[in-house]
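**Student:** Construct the entire structure; sequences and hints are all you get.
Number of protein chains: 4
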Amino acid sequence: MSGAQHWKTALTHTEPNCVSIRGHDISELMGTHSFAACVYLLMQGELPGPGIEVVVDAVLCACIDHGVTPPSALATRTVASTGASLSASVAAGIMAINRHHGGAIENCALSLGEVIKRAEGNGDLDAAAAELLADWSSIGKRVPGFGHRLHTADPRTARMLGIAGEAGVAGSFCAAAKAMEKAFASAGKTLPLNVDGAAAAVLADLGFEPPVMNGFFMIARCAGLIAHAREENQRMKPMRVIDPIDHEYDGPDLRQS
Amino acid sequence: MSGAQHWKTALTHTEPNCVSIRGHDISELMGTHSFAACVYLLMQGELPGPGIEVVVDAVLCACIDHGVTPPSALATRTVASTGASLSASVAAGIMAINRHHGGAIENCALSLGEVIKRAEGNGDLDAAAAELLADWSSIGKRVPGFGHRLHTADPRTARMLGIAGEAGVAGSFCAAAKAMEKAFASAGKTLPLNVDGAAAAVLADLGFEPPVMNGFFMIARCAGLIAHAREENQRMKPMRVIDPIDHEYDGPDLRQS
Amino acid sequence: MSGAQHWKTALTHTEPNCVSIRGHDISELMGTHSFAACVYLLMQGELPGPGIEVVVDAVLCACIDHGVTPPSALATRTVASTGASLSASVAAGIMAINRHHGGAIENCALSLGEVIKRAEGNGDLDAAAAELLADWSSIGKRVPGFGHRLHTADPRTARMLGIAGEAGVAGSFCAAAKAMEKAFASAGKTLPLNVDGAAAAVLADLGFEPPVMNGFFMIARCAGLIAHAREENQRMKPMRVIDPIDHEYDGPDLRQS
Amino acid sequence: MSGAQHWKTALTHTEPNCVSIRGHDISELMGTHSFAACVYLLMQGELPGPGIEVVVDAVLCACIDHGVTPPSALATRTVASTGASLSASVAAGIMAINRHHGGAIENCALSLGEVIKRAEGNGDLDAAAAELLADWSSIGKRVPGFGHRLHTADPRTARMLGIAGEAGVAGSFCAAAKAMEKAFASAGKTLPLNVDGAAAAVLADLGFEPPVMNGFFMIARCAGLIAHAREENQRMKPMRVIDPIDHEYDGPDLRQS
Numbered sequence: 249m250s251g252a253q254h255w256k257t258a259l260t261h262t263e264p265n266c267v268s269i270r271g272h273d274i275s276e277l278m279g280t281h282s283f284a285a286c287v288y289l290l291m292q293g294e295l296p297g298p299g300i301e302v303v304v305d306a307v308l309c310a311c312i313d314h315g316v317t318p319p320s321a322l323a324t325r326t327v328a329s330t331g332a333s334l335s336a337s338v339a340a341g342i343m344a345i346n347r348h349h350g351g352a353i354e355n356c357a358l359s360l361g362e363v364i365k366r367a368e369g370n371g372d373l374d375a376a377a378a379e380l381l382a383d384w385s386s387i388g389k390r391v392p393g394f395g396h397r398l399h400t401a402d403p404r405t406a407r408m409l410g411i412a413g414e415a416g417v418a419g420s421f422c423a424a425a426k427a428m429e430k431a432f433a434s435a436g437k438t439l440p441l442n443v444d445g446a447a448a449a450v451l452a453d454l455g456f457e458p459p460v461m462n463g464f465f466m467i468a469r470c471a472g473l474i475a476h477a478r479e480e481n482q483r484m485k486p487m488r489v490i491d492p493i494d495h496e497y498d499g500p501d502l503r504q505s
Numbered sequence: 249m250s251g252a253q254h255w256k257t258a259l260t261h262t263e264p265n266c267v268s269i270r271g272h273d274i275s276e277l278m279g280t281h282s283f284a285a286c287v288y289l290l291m292q293g294e295l296p297g298p299g300i301e302v303v304v305d306a307v308l309c310a311c312i313d314h315g316v317t318p319p320s321a322l323a324t325r326t327v328a329s330t331g332a333s334l335s336a337s338v339a340a341g342i343m344a345i346n347r348h349h350g351g352a353i354e355n356c357a358l359s360l361g362e363v364i365k366r367a368e369g370n371g372d373l374d375a376a377a378a379e380l381l382a383d384w385s386s387i388g389k390r391v392p393g394f395g396h397r398l399h400t401a402d403p404r405t406a407r408m409l410g411i412a413g414e415a416g417v418a419g420s421f422c423a424a425a426k427a428m429e430k431a432f433a434s435a436g437k438t439l440p441l442n443v444d445g446a447a448a449a450v451l452a453d454l455g456f457e458p459p460v461m462n463g464f465f466m467i468a469r470c471a472g473l474i475a476h477a478r479e480e481n482q483r484m485k486p487m488r489v490i491d492p493i494d495h496e497y498d499g500p501d502l503r504q505s
Numbered sequence: 249m250s251g252a253q254h255w256k257t258a259l260t261h262t263e264p265n266c267v268s269i270r271g272h273d274i275s276e277l278m279g280t281h282s283f284a285a286c287v288y289l290l291m292q293g294e295l296p297g298p299g300i301e302v303v304v305d306a307v308l309c310a311c312i313d314h315g316v317t318p319p320s321a322l323a324t325r326t327v328a329s330t331g332a333s334l335s336a337s338v339a340a341g342i343m344a345i346n347r348h349h350g351g352a353i354e355n356c357a358l359s360l361g362e363v364i365k366r367a368e369g370n371g372d373l374d375a376a377a378a379e380l381l382a383d384w385s386s387i388g389k390r391v392p393g394f395g396h397r398l399h400t401a402d403p404r405t406a407r408m409l410g411i412a413g414e415a416g417v418a419g420s421f422c423a424a425a426k427a428m429e430k431a432f433a434s435a436g437k438t439l440p441l442n443v444d445g446a447a448a449a450v451l452a453d454l455g456f457e458p459p460v461m462n463g464f465f466m467i468a469r470c471a472g473l474i475a476h477a478r479e480e481n482q483r484m485k486p487m488r489v490i491d492p493i494d495h496e497y498d499g500p501d502l503r504q505s
Numbered sequence: 249m250s251g252a253q254h255w256k257t258a259l260t261h262t263e264p265n266c267v268s269i270r271g272h273d274i275s276e277l278m279g280t281h282s283f284a285a286c287v288y289l290l291m292q293g294e295l296p297g298p299g300i301e302v303v304v305d306a307v308l309c310a311c312i313d314h315g316v317t318p319p320s321a322l323a324t325r326t327v328a329s330t331g332a333s334l335s336a337s338v339a340a341g342i343m344a345i346n347r348h349h350g351g352a353i354e355n356c357a358l359s360l361g362e363v364i365k366r367a368e369g370n371g372d373l374d375a376a377a378a379e380l381l382a383d384w385s386s387i388g389k390r391v392p393g394f395g396h397r398l399h400t401a402d403p404r405t406a407r408m409l410g411i412a413g414e415a416g417v418a419g420s421f422c423a424a425a426k427a428m429e430k431a432f433a434s435a436g437k438t439l440p441l442n443v444d445g446a447a448a449a450v451l452a453d454l455g456f457e458p459p460v461m462n463g464f465f466m467i468a469r470c471a472g473l474i475a476h477a478r479e480e481n482q483r484m485k486p487m488r489v490i491d492p493i494d495h496e497y498d499g500p501d502l503r504q505s
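Chains as they are written, first to last, in our numbering: chain A, 249 to 505; chain B, 249 to 505; chain C, 249 to 505; chain D, 249 to 505.
These aren't lab readings, by the way, just hints derived from the structure by calculation.
Warning: the hint list may mix true and false statements.
A pair holds if it fits inside one copy or across any two, identical chains being indistinguishable in the list.
What the hints assert, rightly or not - 27 Å max Cα-Cα, derived DSS-like pairs, lysine-lysine:
{"hint": "1", "residue 1": "Lys426", "residue 2": "Lys365"}
{"hint": "2", "residue 1": "Lys485", "residue 2": "Lys256"}
{"hint": "3", "residue 1": "Lys437", "residue 2": "Lys426"}
{"hint": "4", "residue 1": "Lys389", "residue 2": "Lys485"}
{"hint": "5", "residue 1": "Lys430", "residue 2": "Lys365"}
{"hint": "6", "residue 1": "Lys430", "residue 2": "Lys389"}
**Tutor:** Okay, structure coming up:
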């Protein structure tokens, strides 16, 4: 077996009594920068400007939880109900984040990149989106990031694009997402951009690489999974049969933020 | 087998085109509240005041990454090097967060609660801490949250307590943590409060329940694990032998935040 | 940080073109010894006699699958339905094996060991079991390994004890399990030994250590979880809502083995 | 959201006091059939003849463990060293079974199927293998299942093919594997069939579907991972730095089986 090789990392430096993230002393980041800013720093290598920070925060907030029906919440609750530790319960939920759930962000960004590339000649994103949709439909390939099993007008989507617009960071990927939504409508399909698709457009316009994009959903939903594991252990009996349909929300009514 | 029972959840309500967290419309939270505030809302049921929010943000920032040597980073990199998906790589790292790594927060909070209880009569936390330490030492029981394999004065610890103090949320748990640190010193042991212990003190003073406390480490470190999985896939060959000692930081030098 | 230390392992030796398990060349084990015998060798350090081998095989067969309702099968199917890899789907199911499901073997063996210890003076296991049951009931502590949510006379239990008896390996733990079953009946509780409890009694009489006992359930059920992941991917649509009650078996009718 | 639908499973039927695998009463399988036979039954729907059973057993034995250096063993030990449960430690190791480690069986079987298909006209497997190798090399595509970082003549490979030959079950996939090995040699590459590749050839000749093939490695290695988790907890200190190179085998010397 070839032995271990000396290797390098550019993320975090630790030495006795000092931890720095991408060159920034962690104790200076604490109290002066939000967690969203630190996530951006860790992934992108630089601290974000204030416009970017609010967008990253909005993406994380949008993905924090979606109730008890997503497979990630059900996987966490199922494992938690057997007496597992919090970390094992949460890990089981994270493992349910894949291309059919929370994991369409990366693939949607790649698709939108394809639309942008096709429009390079004439800048006509609408035509490029319609063309890509037609091509992919003909070979049975789906465009990820559109349509939702519950929402026809996902409240998180418009808001996320709106915040990116106000912050001045919406660019060609956000435009390509809207073009694709129009292409679906023209093709007679009601498949509006969903929260994964909006996150893809916004994160791509912020310059994130596709392979880390699903990670934003994981970080955010990690919070939701912890809350589900805790509620399962606190309110439910171990080994109960978890009905994925017959449940009810008994928290506070809708109120002003 | 007894059938499934109707059940209730108080976390998140979803209906077509509306998602609300603890009664707050998620699209109103986006852009107006930080992710840290939303995490607090999800766990505690109410939005935090600004003082609390900055403290939660600081706890998350403190735990975001600690380089390549913690077992969670090594577990994620080991799994990522075999060709696993991002979610499986991250989940493996989350599973390494247990009582010996990142998972001392809950148990430290319970220990500090014990000190507070012992001081109830006369309010003398120093005496209570010394007494608990002596009692536990005599039966070989460790007090979690003190000492670190690398840091003698963990830079994250003092900063976290400082931020909590400035924000006016440091209370009896922060005081008990300092009392315990003194008790260790008096007993001739150099075991300063570590980042787990500081998080325990601060989160307990914010009113979080011990069973969710380790979750803050998981949410934050999830970001670090994603960065490690990505760097592993981008810079390293699959199936390399990962040396836990012979590595080097080649990112930016220390710079101003 | 203290550096890595030279360390030792007594399980498997590898060198170029040779792999040996506990001193036995793996290519000599193949074709001459069953997988059950190799599992015994790996855990216990010696190859089993034929009587032991048949018992280990019976324990593995008994635990191989229990249909779609156990939490491990549901966790695997939930994760598989999101597009996860086979290894991630199976891992999620393994994580659902804990003290409330498949993970009572270790704790049951420890309880039966307690009964045997209490009977050390006079050898009266029935009295010791009744005494332990009374003591534990008075403090609300359950004896694990008894009772099942579906079976009143678990077909796997009697068969496993029968095979151990025929093989001449049933000893004090099997006797303690029967004594405990009688103690439950005398106390007016219908809590017959379940498959976890029978595995505990048999594996303890074979000399396995309690901390590896739940591992037998994991090895065996791993096969079931693979079959569930495959059936989910082959017969079902991604992201379906998995009803834990409303399903039906459509495989072959009961037939002679 | 569309509701849950009635669904069907053909694996295992449970009713009070009866569990049957593919129509076979589990209590009749116990004591009369090996675990290997039950695994075959669960995956293939029928009990195997004795020739098949010995081959399945040999595949499971071959994959049971490979010492402390594979990523699955390191992932399990890393997680176990943090205080994780046995099931979480084992699950982390299972998650490291992917295309670069233990997960080449499926892809190798698909490649060998491609060789067989190319030889359909004239039955010349050697020519078909050489052709496929040349085609794939020209586009930088690797043929999985050949070469090993430690072994040049993997002892498990020849033995597995030998057992399949003696049992009369070696067919076109085993022949294609040998043809591919020759093609590599003719192309001047020393890439002998490895244990993944041999398992692929043998399992394909037994009629298993490629998507379950990696599962055999998982079932078998599950036993190894349990042994590693146990040895880590028993012989090592928590949170040690696990050196992937500087370790030594201190178990029994090579001995007769």
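**Student:** If the cutoff is 27 Å on CA atoms, where do Lys485 and Lys256 land: within, between, both or neither? Let me know, please.
**Tutor:** Answer is between; shortest inter-copy Cα gap is 13 Å, intra-copy 48 Å.
**Student:** Please sort Lys426 with Lys365 into within, between, both or neither, judging by C-alpha distance up to 27 Å.
**Tutor:** Within. Shortest intra-copy distance 16 Å satisfies the 27 Å Cα cut-off; inter-copy 45 Å does not.
**Student:** Taking 27 Å as the upper bound on the Cα-Cα distance, should Lys389 and Lys485 be classified as within, between, both, or neither?
**Tutor:** Answer is between: at 16 Å across copies they meet the 27 Å cutoff, but 43 Å inside does not.
**Student:** When no copy is specified for Lys430 and Lys389, does a C-alpha distance of 27 Å or less occur within a copy, between copies, both, or neither?
**Tutor:** within (18 Å within a copy, 39 Å between copies)
**Student:** My question is about Lys437 and Lys426: at a cut-off of 27 Å on alpha-carbon distance, are they close within one copy, between copies, both, or neither?
**Tutor:** within (14 Å within a copy, 52 Å between copies)
**Student:** At most 27 Å between C-alpha atoms: does Lys430 with Lys365 qualify within a copy, between copies, both, or neither?
**Tutor:** within (18 Å within a copy, 44 Å between copies)
In this structure, every one of the numbered hints holds.
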